[in-house]
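Chains as they are written, first to last, in the numbering used here: chain A, 1 to 506; chain B, 507 to 761.
For the record, the hints were derived by calculation from the structure and aren't laboratory data. Any given hint could turn out to be false.
[What the hints assert, rightly or not] Heads up, simulated DSBU-like pairs for lysine-lysine below, C-alpha to C-alpha not over 30 Å straight-line:
id: 1; chain 1: B; residue 1: Lys651; chain 2: A; residue 2: Lys502
id: 2; chain 1: B; residue 1: Lys653; chain 2: A; residue 2: Lys33
id: 3; chain 1: B; residue 1: Lys719; chain 2: A; residue 2: Lys255
id: 4; chain 1: B; residue 1: Lys582; chain 2: A; residue 2: Lys502
id: 5; chain 1: B; residue 1: Lys630; chain 2: A; residue 2: Lys395
id: 6; chain 1: A; residue 1: Lys171; chain 2: A; residue 2: Lys329
id: 7; chain 1: B; residue 1: Lys732; chain 2: A; residue 2: Lys38
id: 8; chain 1: A; residue 1: Lys34; chain 2: B; residue 2: Lys630
id: 9; chain 1: A; residue 1: Lys38; chain 2: B; residue 2: Lys651
id: 10; chain 1: A; residue 1: Lys255; chain 2: B; residue 2: Lys511
id: 11; chain 1: A; residue 1: Lys502; chain 2: B; residue 2: Lys581
id: 12; chain 1: A; residue 1: Lys104; chain 2: B; residue 2: Lys643
id: 13; chain 1: B; residue 1: Lys582; chain 2: A; residue 2: Lys396
id: 14; chain 1: B; residue 1: Lys653; chain 2: A; residue 2: Lys34
id: 15; chain 1: B; residue 1: Lys719; chain 2: A; residue 2: Lys432
id: 16; chain 1: A; residue 1: Lys121; chain 2: B; residue 2: Lys653
id: 17; chain 1: A; residue 1: Lys456; chain 2: B; residue 2: Lys573
id: 18; chain 1: A; residue 1: Lys173; chain 2: A; residue 2: Lys329
id: 19; chain 1: B; residue 1: Lys653; chain 2: A; residue 2: Lys459
id: 20; chain 1: A; residue 1: Lys432; chain 2: A; residue 2: Lys309
id: 21; chain 1: B; residue 1: Lys653; chain 2: A; residue 2: Lys502
id: 22; chain 1: A; residue 1: Lys504; chain 2: B; residue 2: Lys582
id: 23; chain 1: B; residue 1: Lys643; chain 2: A; residue 2: Lys38
id: 24; chain 1: B; residue 1: Lys573; chain 2: A; residue 2: Lys503
id: 25; chain 1: A; residue 1: Lys271; chain 2: A; residue 2: Lys222
id: 26; chain 1: B; residue 1: Lys566; chain 2: A; residue 2: Lys502
id: 27; chain 1: A; residue 1: Lys430; chain 2: B; residue 2: Lys719
id: 28; chain 1: A; residue 1: Lys173; chain 2: A; residue 2: Lys414
id: 29; chain 1: A; residue 1: Lys459; chain 2: B; residue 2: Lys582
id: 30; chain 1: A; residue 1: Lys173; chain 2: A; residue 2: Lys222
id: 31; chain 1: B; residue 1: Lys581; chain 2: A; residue 2: Lys357
Okay, here's what each chain looks like letter by letter:
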Amino acid sequence: MKMRTKLVSMLSIAVFAAPLTSYSAQGNAENGKKIYDKRCVWCHGEEGAGDGPAAERVNPAPRDFTSGMYKIKTTPFDEVSPKDEDIFRMISDGMPDSSMPPWKDMLSEQERWDLVAYLKKFAGLENPKKELDFSKQVKTSAESIERGKKLFLDRCAECHGETGKGVSIKKLKDDLGFRTWPRNFTKPWTFRASNDPKDIFARMSVGIPGTQMPSFADPSSKKKLSDEERWDVANYVVSLADSTKEVRAENTVVKASRIEGELPSEPGDPKWMEAEPSTFLLVPQIIGQERFFTPSNNSITSRAYYNDKDISILIEWDDRTASAPGDPKAAEIAEGEVSADAVAVQFPVTIPLEMEKPYFGHGDAAWPINIWYWNTGEAGASQVTKLLNATGFAKKDERDAAKAGLVTKGVYDKGTWRVVMKRPLVTGEKDKDIQFVEGRFTPIAFAAWDGTNGEKGSKHTMTTWYWILLKPKVGMSVYFIPLIVAGLVVGAELLWLASARKKKSS
Amino acid sequence: MKLPKLLQAVLVVVAVYIAFKLVFSVGLQQPIPSSLLTMYMFFVVVATLLVTTATEESAKEMSGPIKALVEDPSKKTIRNIVFVLVPLLAGWMTYSNLRPSFEAPVELRTIHPAPPGSMKAFGKSYDLAKLENPFRKYQKEDPEKFKALVKEGGAVYYKNCHYCHGDKLDGQGQYAQGFNPLPLNFQDIGTIAQLQESFLFWRIATGGPGLPKEATPWLSAMPVWKDFLTEDEIWKVILFLYDYTGQAPRSWAAH
C-alpha cells in the first residue's frame with residue numbers, strides 16, 4: 001500500500017515536470033473571468049471588445065480580444081494564435097508607453113495563467129501549430145550594424161524615418177481606425193515589448209498584427225529579409241538608443257554653465273552638444289480647462305548656457321511631424337485641422353526664496369508667471385515669438401517680447417525640433433519679468449504642442465515644475481581651503497606630540 | 507564587560523545619526539535636509555560630551571585613551587594611522603561643505619493635511635465634520651444597488667484618474683512619473699484606510715489648489731474635480747476606491 005502511493009506520487013511528479021505544450025491548460029478560465037471582471041473590464045470591456053469606459057480616452061486603444069489579434073507574439077506571421085507565454089508575458093510585464101500596466105506585482109502566477117485561459121476564449125483561439133524560428137542570432141558588431149543600417153534605410157525608413165525617430169511620411173491607422181505612431185527607436189523605454197535584439201527580430205519577422213507594421217519574413221513580400229538580415233537590422237535598431245533622452249527621476253535640474261563671450265543662439269550650434277542635457281517626461285494636459293488625452297510627444301530635453309549678459313536655453317523634442325498651418329504636406333498626415341507646432345517655458349516672475357512658488361498651472365494671483373512661447377508660424381511665414389504673463393490657466397496677458405529682449409529660433413531636422421530661447425539675464429521691467437540670479441534654484445516648466453495631432457490651446461503636453469540653475473563658476477578656493485585646514489590639523493598634531501615628548505623627558 | 511567611556515560616547519552619536527536618517531527616509535519617506543541634520547547632530551554631540559564628562563572621573567576616563575594614544579610608545583602604529591586620517595577627514599569635510607551643490611532643494615510637505623471645517627462646492631456649503639457618503643448606506647441595505655454604484659464609480663475612475671493614480675490604484679499610472687509630488691497610492695494602507703470619506707470628498711472636489719500651505723498646493727497636479735465631476739460622481743468614485751483596494755473608510759465611531 002505504502003509502495004503504491006509512493007509510485008503514484010512519483011508518476012504525478014513526472015507528469016507535471018513534462019513540458020506542457022499549452023500553459024493555459026494550467027489556467028482556470030472561470031477564475032480568470034472573476035479577475036478579469038474586477039480588473040480588466042475598465043479598459044478591455046465586459047465582452048473583451050476593447051470598449052471599456054477608459055477606451056475612448058487612451059491611445060493606443062485597449063486590445064479587442066474578440067479579434068484574436070495580439071501585437072506581441074512569437075509565432076510566425078501566418079499563424080494567428082500567439083503562444084500562451086506571449087499573452088502571459090504582456091499581462092505580467094505590461095506594455096510601456098501605453099496604459100496597459102504590468103500585473104505581476106498584483107496577481108500571482110496562477111492568476112495570470114487563469115487570465116490567459118479566459119482571454120483566449122473571447123476569440124476561441126486554438127493553440128498555435130507553429131513557433132517562430134529565431135534561426136542563429138548574429139551577434140552585434142560594427143559590420144553587422146553597418147549592414148543593418150543599409151537594409152533599414154531601404155525597408156524601415158518609410159515609416160520609422162531615416163533616423164529611426166518614426167518621422168511620418170504617411171498617415172498610419174490600425175485596423176480599428178485609430179491613429180498609430182511608428183516606434184521611435186531612439187527611446188527604448190517606449191517599446192511595448194523591449195529593444196532586446198531578440199524582441200526586435202520577432203517583431204520584424206511577425207509584424208505587429210492589427211497595425212501597419214508588416215512582416216519581413218513573408219516570402220510573398222517584395223521586402224522580405226533573410227534571417228541574418230533581420231538580425232543585422234535588429235542590431236542596428238538597438239544601436240539607435242539615445243541615452244540623453246532617458247528620463248531619470250533624480251534628474252530635476254537644467255544646469256546652465258557660464259561661458260565667456262558669445263552664447264550659442266543657433267539651434268544647430270555644436271557648442272550645445274557640450275552642455276549637460278536634462279530630459280523630462282511630457283504628460284498630456286489633463287488638469288484644467290479642456291483636457292487632452294491622446295498625446296504623441298513624450299519627452300523633452302533642455303540644455304542651457306549663460307554669460308555676464310544673457311541666458312540661452314535650448315529645448316529639444318522629438319516630433320514625428322513638422323506642422324505649419326497652410327502646409328499641404330502637413331495637412332496630408334494631420335488629424336483634422338493643422339495647427340502650429342509650438343513650445344513654451346514658464347518661470348515665476350519672482351524667484352521664490354522659500355519653498356512656496358506659483359501654482360504650476362500658470363501661477364496664481366499672488367505669484368504671476370512668465371511664459372516664453374515659440375511657434376513655427378504659418379507655412380512660408382516667419383516663426384512666432386510671444387512673451388506672456390499669467391496668473392492662472394485662463395488669465396494671460398501678452399507683452400512685448402522684443403522690448404524684453406526675448407528672441408527665439410526653431411529648426412526642424414529629421415524628427416526633432418530644436419528651439420533656442422535667449423533673453424538678457426535682467427530686463428527693464430523687474431516687476432513683470434524674471435530676473436536671473438547666478439546660483440539660485442529657479443523653477444522652470446515646459447509645454448509642447450504637436451500641431452498635426454490636434455494639439456492647440458489647452459490641449460498640449462507639459463511638465464511639472466523642475467529647476468534651472470545658473471551654475472556659479474567654482475573658484476580655486478574650493479581646493480585651497482581644505483588643504484589649508486588639513487595642514488592646520490597636522491600642525492596641531494605635531495605640536496601636541498612635541499609637548500607630550502617634552503613632558504615625558506622632563 | 508564594560509565598554510570604554512569614549513567608545514560608548516561614539517556609539518551613542520552614531521546610533522542617533524542612523525536613527526535620524528531612518529526616521530526620515532523610512533518613516534517620513536523623505537531624505538533629511540543636510541542643514542537640519544547638521545544642527546541636530548551638533549546638539550547631540552554637545553549633550554553627549556556634557557553627560558560623559560560630568561564628573562572629573564568620567565572626564566578622565568573619556569580622555570584617557572586619547573592621551574594614551576599620544577603618550578604610550580606601544581600605540582605608535584595606531585597613532586600614526588590616526589594622525590594621517592584625521593587631517594584627511596578634516597580636509598574632505600571642508601571640501602564637501604565648500605563645493606557648490608547642484609542638487610535640487612528638498613521640499614518637505616504634509617501628505618494628509620488637516621481639512622478645513624467646511625467647504626464650498628456645487629453651489630452649497632458642506633460641514634466636513636458631519637459629512638457622510640450618501641451612498642454608503644446601500645452597502646448593507648441594498649447590496650445589488652451598491653454594486654452598481656461601485657461600478658459607476660469605477661467608470662468615473664477609468665475615465666479620469668488612472669492616468670496618475672494607476673490602473674491598479676497603486677499610484678503608478680502611465681503619467682505618474684511626470685508629476686512631483688507623485689500621485690497617491692491607494693493600495694498603501696497608510697492612505698485612504700486612514701481617512702474619512704468626507705476628507706476624500708474635500709480633497710477630490712477642491713484638488714491641489716484647495717490644499718493648505720503646508721501641503722504645497724502650488725505643486726500638486728491634482729485637478730479641481732468639482733469643475734469636471736458632479737457631486738454624485740465624486741461620492742461614487744470614493745466607493746470605488748475603497749471597494750477595489752478592499753479597504754474601509756475610517757468611520758466617525760472609530761475616531
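Hint-by-hint comparison with the structure:
1. Lys651(B) <-> Lys502(A): Status violated; Cα separation ~94 Å.
2. Lys653(B) <-> Lys33(A): Holds. Lys653(B) to Lys33(A) sits at ~17 Å (cutoff 30 Å).
3. Lys719(B) <-> Lys255(A): 29 Å, holds
4. Lys582(B) <-> Lys502(A): The given pair, whose Cα atoms are some 17 Å apart, holds under the 30 Å limit.
5. Lys630(B) <-> Lys395(A): 26 Å, holds
6. Lys171(A) <-> Lys329(A): 11 Å, holds
7. Lys732(B) <-> Lys38(A): Distance ~27 Å between Lys732(B) and Lys38(A) Cα, so the pair holds.
8. Lys34(A) <-> Lys630(B): Violated, because 41 Å separates the two Cα atoms, which is more than 30 Å.
9. Lys38(A) <-> Lys651(B): 17 Å, holds
10. Lys255(A) <-> Lys511(B): 48 Å, violated
11. Lys502(A) <-> Lys581(B): With a Cα-Cα distance of about 18 Å, the restraint between Lys502(A) and Lys581(B) holds, given a limit of 30 Å.
12. Lys104(A) <-> Lys643(B): With a Cα-Cα distance of about 35 Å, the restraint between Lys104(A) and Lys643(B) is violated, given a limit of 30 Å.
13. Lys582(B) <-> Lys396(A): Roughly 74 Å separates the two Cα atoms, so the pair is violated.
14. Lys653(B) <-> Lys34(A): This hinted pair holds, its Cα atoms lying about 15 Å apart.
15. Lys719(B) <-> Lys432(A): It holds: about 25 Å lies between the C-alpha atoms, which stays within 30 Å.
16. Lys121(A) <-> Lys653(B): The hint holds at about 26 Å.
17. Lys456(A) <-> Lys573(B): Distance of about 76 Å is beyond 30 Å: violated.
18. Lys173(A) <-> Lys329(A): Since the Cα atoms of Lys173(A) and Lys329(A) sit roughly 17 Å apart, the hinted pair holds (cutoff 30 Å).
19. Lys653(B) <-> Lys459(A): 35 Å, violated
20. Lys432(A) <-> Lys309(A): It holds: about 19 Å lies between the C-alpha atoms, which stays within 30 Å.
21. Lys653(B) <-> Lys502(A): Violated. Lys653(B) to Lys502(A) sits at ~90 Å, over the 30 Å cutoff.
22. Lys504(A) <-> Lys582(B): With a Cα-Cα distance of about 15 Å, the restraint between Lys504(A) and Lys582(B) holds, given a limit of 30 Å.
23. Lys643(B) <-> Lys38(A): Measuring from Cα to Cα gives roughly 22 Å; hence the hint holds.
24. Lys573(B) <-> Lys503(A): At roughly 12 Å apart (the allowed maximum being 30 Å), Lys503(A) and Lys573(B) satisfy the hint.
25. Lys271(A) <-> Lys222(A): 44 Å, violated
26. Lys566(B) <-> Lys502(A): Given pair Lys566(B), Lys502(A) holds - Cα atoms ~21 Å apart, limit 30 Å.
27. Lys430(A) <-> Lys719(B): Distance ~26 Å between Lys430(A) and Lys719(B) Cα, so the pair holds.
28. Lys173(A) <-> Lys414(A): 22 Å, holds
29. Lys459(A) <-> Lys582(B): 74 Å, violated
30. Lys173(A) <-> Lys222(A): Measuring from Cα to Cα gives roughly 22 Å; hence the hint holds.
31. Lys581(B) <-> Lys357(A): 58 Å, violated
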